[in-house]
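Top to bottom, those sequences are chains R and S.
Under our numbering, the first residue of the first sequence is numbered 1, with each subsequent residue one higher.
Under our numbering, the first residue of the second sequence is numbered 1001, with each subsequent residue one higher.
Keep in mind that the hints were calculated from the coordinates and are not lab data.
For every residue, glycine included, the Cβ atom is placed at its ideal position computed from N, Cα and C.
Watch out, some of these pointers could steer you wrong.
Unchecked claim - Under 10 Å between C-beta atoms, here's a sample of chain R residues computed to sit facing chain S:
(1) Leu43
(2) Gly44
(3) Gln48
(4) Asp50
(5) Leu52
(6) Gly83
(7) Thr91
(8) Gln93
(9) Arg161
(10) Gly162
To be verified - Residues from chain S that keep clear of chain R, each with C-beta distances beyond 12 Å, as calculated:
(11) Arg1015
(12) Arg1031
(13) Gly1034
(14) Gly1037
(15) Asp1088
(16) Thr1090
(17) Asn1094
(18) Leu1099
(19) Ala1109
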Amino acid sequence: MEAAAGAACRAVVGRDLLIAARRRSDVLTTFFFFVIVVSLFPLGVGPQPDMLREIAPGVVWVAALLAAMLSLARMFGADYADGTLEQLVLTPQPLTLLVLAKVLAHWLTTGLPLVLVAPLMGLQFDLPGDALRTLLVSLLIGTPALSLIGAVGAALTLGVRGGGALTAVLVLPLYVPVLVFGAGAVTASATGMGVAGHLSLLGAMTLAALVFAPWATAMALRISLE
Amino acid sequence: MLEVLQIECVRGNRRLFHNLSFQLDANQALRVGGENGSGKTSLLRMVAGLSPVESGEILWKDGRIATSGEDFRRDLVFLGHANGLKDDLTPIENLRHALALAGVKPGNAALRYALAEQGLAGVADLPVKLLSQGQKRRVALARLGFSAGKPLWVLDEPFAALDTASVRRTEAAVLTHLRGGGMVLFTTHQEVELAGAQVQALELGAQ
């Protein structure tokens, strides 16, 4: 029984990764969106290292939020249109687990690349080494929460005309705590203060999202298919 | 086995059907007819548990499908209007993943054989987006070849877009399933021959 659920989850992750590999443009769009948005700031602000160091955490995190936002429509949109979502809901496995697998695949293709490139982005802002490390860690802890919370918004707006803008209005406010503590950790690190508090809270938010978001997403998916 | 008791379907402010009851036992098929918009797809989606019923009950093995959830879905194959195929994947990959979700893990040879049975041997490794409408339908139907263990088949327009030979093949698959103790609930506008099987007919919009 549990083995079957595990196999189904692996199948979901495997399929989504395979599709991402076939449609690299989708993944690369999100990635380059993040890179370009972050890179625009040093160009716009000009060579003022102090100012850049100060705004860096906020800029990188906001860009990560927007990039995650941009990719949400893809999470269930295509599945909804081609009928695979119906089949997913009718699978004899708990939908919550399958949703978790979808979210994992989404994070691997959109969140993880951002995390890995972020230190490089931080260099443009003259962030010190410690802060770069904290940036990496905070994004690593925080971006799964972005995918998890985003999944709820994406599921709620399935099949709604102009769903993209609506998803943004629904989801961005929910991202605020993640943004505050994620960027806060980097700022704290850059100013030489402890980061454990920020990161713990960030981790707590991701864990809370891990518990509630798949369940809420599963409910929303069922409703959207009615 | 499958009992539908006095269900009602409302779409918008239109009542499509009400007081609809039927029963489907092993070896039986039910063909749902009716003009476009009479609620055939809605009925099938209700039976599959995708849509809630307005009133009334749907029972599977004496339990309400809404509460038996996963146990019911283990016994069910649903083929909807949409084929449930990923455009970027090949028929082989699509079939493998669809079956993996259902808990079936056939080998590559079995998958190829099932697709060849559907006359798709030549396109088994092309992305589905290059296939014609009828070929896509046949990829979706290839799932049925692995679904003998699931007693209840709910098929929405399984014969749509198919050529004559494929219609015959699908009829044969349905017949085999019925002979093996299965149940099939399907909609169609076409004339189909299910000789020797107990096929009830239900005409929606006629009440």
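Q. Does Thr1090/S really sit off the interface, with its C-beta more than 12 Å from all C-beta atoms of chain R?
A. At roughly 10 Å from the nearest Cβ of chain R, Thr1090/S sits no farther out than 12 Å, so the non-interface label is violated.
Q: Mind checking the CB of Leu52/R against every CB in chain S and telling me if the closest is under 10 Å?
A: Violated, because the Cβ-Cβ distance from Leu52/R to chain S comes to roughly 41 Å (cut-off 10 Å).
Q. Given Thr91/R as an interface hint, is the shortest Cβ-Cβ distance to chain S below 10 Å?
A. It holds, given that the least Cβ distance between Thr91/R and chain S is near 5 Å, below 10 Å.
Q. Should the label of Asn1094/S as a non-interface residue stand, given a Cβ cut-off of 12 Å to chain R?
A. Asn1094/S is in fact no farther than 12 Å from some Cβ atom of chain R, at 9 Å.
Q | Given as non-interface: Ala1109/S, partner chain R, CB spacing beyond 12 Å | A | Non-interface label stands for Ala1109/S: nearest chain R Cβ at 19 Å, farther than 12 Å.
Q: Answer holds if the nearest beta-carbon of chain S is closer than 10 Å to that of Gln48/R; otherwise answer violated.
A: Check failed: Cβ of Gln48/R comes no nearer than 46 Å to chain S, outside 10 Å.
Q: Quick one: work out the minimum CB distance from Gly1034/S to chain R and report holds if it exceeds 12 Å, violated otherwise.
A: 21 Å, holds
(Q) Does Gly162/R hold up as a contact with chain S if the rule is Cβ-Cβ below 10 Å? (A) Where the cut-off is 10 Å and the nearest Cβ of chain S is about 21 Å from Gly162/R, the hint is violated.
**Q.** Interface exclusion of Gly1037/S relative to chain R, criterion Cβ beyond 12 Å
**A.** Since the minimum Cβ distance to chain R is about 18 Å, Gly1037/S lies beyond 12 Å and the statement holds.
**Q.** Beyond 12 Å from every chain R Cβ - status for Arg1031/S
**A.** Since the minimum Cβ distance to chain R is about 22 Å, Arg1031/S lies beyond 12 Å and the statement holds.
Q) Holds or violated: Gly44/R as interface residue toward chain S, Cβ cutoff 10 Å? A) 37 Å, violated
Q | Minimum beta-carbon distance criterion (10 Å), Arg161/R to chain S | A | Check failed: Cβ of Arg161/R comes no nearer than 17 Å to chain S, outside 10 Å.
Going down the numbered hints, you'll see the structure goes against 1, 2, 3, 4, 5, 9, 10, 15, 16, 17, 18, while the others check out.
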